[in-house]
Amino acid sequence: MPSRRDLANAIRALSMDAVQKANSGHPGMPMGMADIAEVLWNDFLTHNPANPHWANRDRFILSNGHGSMLQYALLHLSGYDLSIDDIKNFRQFHSKTPGHPEIHYTPGIETTTGPLGQGVTNGVGMALAEKVLAAHFNRDGHVIVDHSTYVFLGDGCLMEGISHEACSLAGTLGLGKLICFYDDNGISIDGHVEGWFTDDTPKRFEAYGWHVVRGVDGHDSDAVKRAVTEARSVSDKPTLICCKTIIGWGAPNLAGSHDCHGAALGDEEIAATRVKINWPHAPFVVPKEIYAGWDAKTKGGKSEAEWNRKFAAYRSAHPELAAEFERRVSGKLPADWAEKSVAFIKAVNQKAEKVATRKASQNTLNGFGPLVPELIGGSADLAGSNLTLWLGSKGVSSDDPDGNYLYYGVREFGMSAIMNGIALHAGFIPYGGTFLVFSDYARNAVRMAAITRARSIFVYTHDSIGLGEDGPTHQPIEHVASLRIIPNMTLWRPCDAVETAVAWKAAIENDQGPSSLILTRQALPHQVRSQEQITNVERGGYVLVDWPGKPDAIIIATGSEVALAVDAAKQMSSKGTRVRVVSMPSVEIFARQDAAYRDAVLPPDVTARLAVEAGVPDGWWKYVGMKGKVIGMTTFGESAPAGDLFNHFGFTVDNVVKAVRDVLS
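Numbering (my numbering), first residue to last: 102 to 766.
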């Protein structure tokens, strides 16, 4: 029977061999954390390599994702569908072993990691999802949601500000099934960290309300096992296990040095390492007895089978809850969703209310919330402004997790990455609000939502200069365009309550990536539509106002500027110039429509076009062409009432009419 060290050395050998073959990668961390990983995966982690999506599996996250070969080695050795050829193909085009762990490439990867600090924050989201889901579904004598979230993280994760945001909240919420392993090796890319990172990390986490296990020798398997056992015994607090390790452990000349952090060891050092760790096998060769020592398929199959028996008893006792649980973790919407959501939108249209779209958003949540119990909301300390609370909202707390609303505090970045973790866990559709201008604080988490195709809904209110008196620091100018250019992001900027309800419907249904809802502070008038026009809102862009015959000019507008475009078009059309108004609440959705529909909305032979949006104009040129014009913002805003600002920056009927006449001349 191989020793623990032999099993851990398989990780070291595969990691250094794969990085050497690719001539690219990070061997130091996998070699330093191999002993910790061996104990966790072989003694504690509940998972089934034959079914990576089993609902009650433990979640494992490699927050220091640059050490991806550690996770690939673990997945390969324990029996996931990741072959030795995949390991040999490390960091190559379309391989299952990319440079950083990616959820859609590799079975067993729970989230894409690499931007430091976000993995542990996703882990907070997953642990939070487990706690709330358990409160929603577990019943006396029937515990079907009961799993842990384990996170590996390093000095870099702890230096990133997002880790402060997320770990502080994790302590407050008492996430007792979150266990993090701090790889305290004292090394980052630039060298020994004492020159720039001297925090007392254990005290910091104790201050957050975490349980902390200090001074664990990360190369002593017994010490690691004792630490994990202790962590698992603490149910009311998350745990940080502080492991002292040596980066590149086993490399005789490079261990303990930043030189092995992000570069191949080299043939000579690898040969010397093989001798030092007593690994006499050729590159990428793992003996059968080592594979046998790692194989988790039998154990994992038994764990899942036992859970299936528990779930069968649960189904017998609580059939409706069991069916609802299966629906929610599958990501499917309720059977009556389509019918009831359409009926709600029709009712909104009949009400014909003038209302701020942030308020229309809250009204929509009041309508949709009871239909979709998997919605879990929140706001970064702006609930009263974002209007993300609805009548059925109940706050989640450490003592009472049976809720559906999270008070994130002033943590935009942390909120966004936690939302991604919740979405990737399954069972919930998270939404979270802040001012649009503060989407910049959360930018990389929003980008990671798009990369992972997380079903996160970002509610961004107080858009444009319509924010008014708070001035340019709070008036988003470039933000809508910036969000639109993120691949896989679907952005909606609705012009009234009807478009807001449609935007929410589309966001809830969007299981292919995140959505951003861009909402106003100021009230916007209702636009009159036919049923066909209401249906076409879901196509991203549609003809809102038209006149008999071929249009002379077209105005394209979004959000608060649609009403302005309509007023200008009516004025010009009353004097004989046929001006069509196209409302385009979602540029991305419109671009996905077939050419026939797009050409019907924007006839190619009508070249007199104007786009109006209170943001940077750059993205609109593809729709107005070189002969068209864009009324937008080319400077930052000013501090003044919104009406004064719209007049000052040219968002007036007279200026729109003048611009249309210019493109017609």
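If you are wondering where the hints come from, they were derived from the structure by calculation, not from laboratory data. Certain hints may be false.
Unchecked claim - No more than 25 Å apart at the CA atoms, straight line, and that leaves these computed lysine to aspartate or glutamate pairs for DMTMM-like:
id, residue 1, residue 2
1, Lys-723, Asp-745
2, Lys-345, Asp-107
3, Lys-723, Glu-610
4, Lys-671, Asp-653
5, Lys-651, Glu-633
Taking the hints in turn, this is what the structure says about them:
A C-alpha spacing of about 30 Å is found between Lys-723 and Asp-745, which places the hinted pair above 25 Å, so the restraint is violated. With a C-alpha separation of about 20 Å, the suggested pair Lys-345 and Asp-107 falls inside the 25 Å cut-off, and the hint holds. For a cut-off of 25 Å, the pair hint linking Lys-723 to Glu-610 is broken: about 28 Å separates their Cα positions. Of the pairs offered as hints, the one joining Lys-671 and Asp-653 holds, with about 13 Å between alpha carbons and a cut-off of 25 Å not exceeded.
For the proposed pair Lys-651 and Glu-633, the alpha carbon gap of about 20 Å is at most 25 Å, so the pair holds.
Hint compliance for this structure: hints 1, 3 are not met, and every other hint is.
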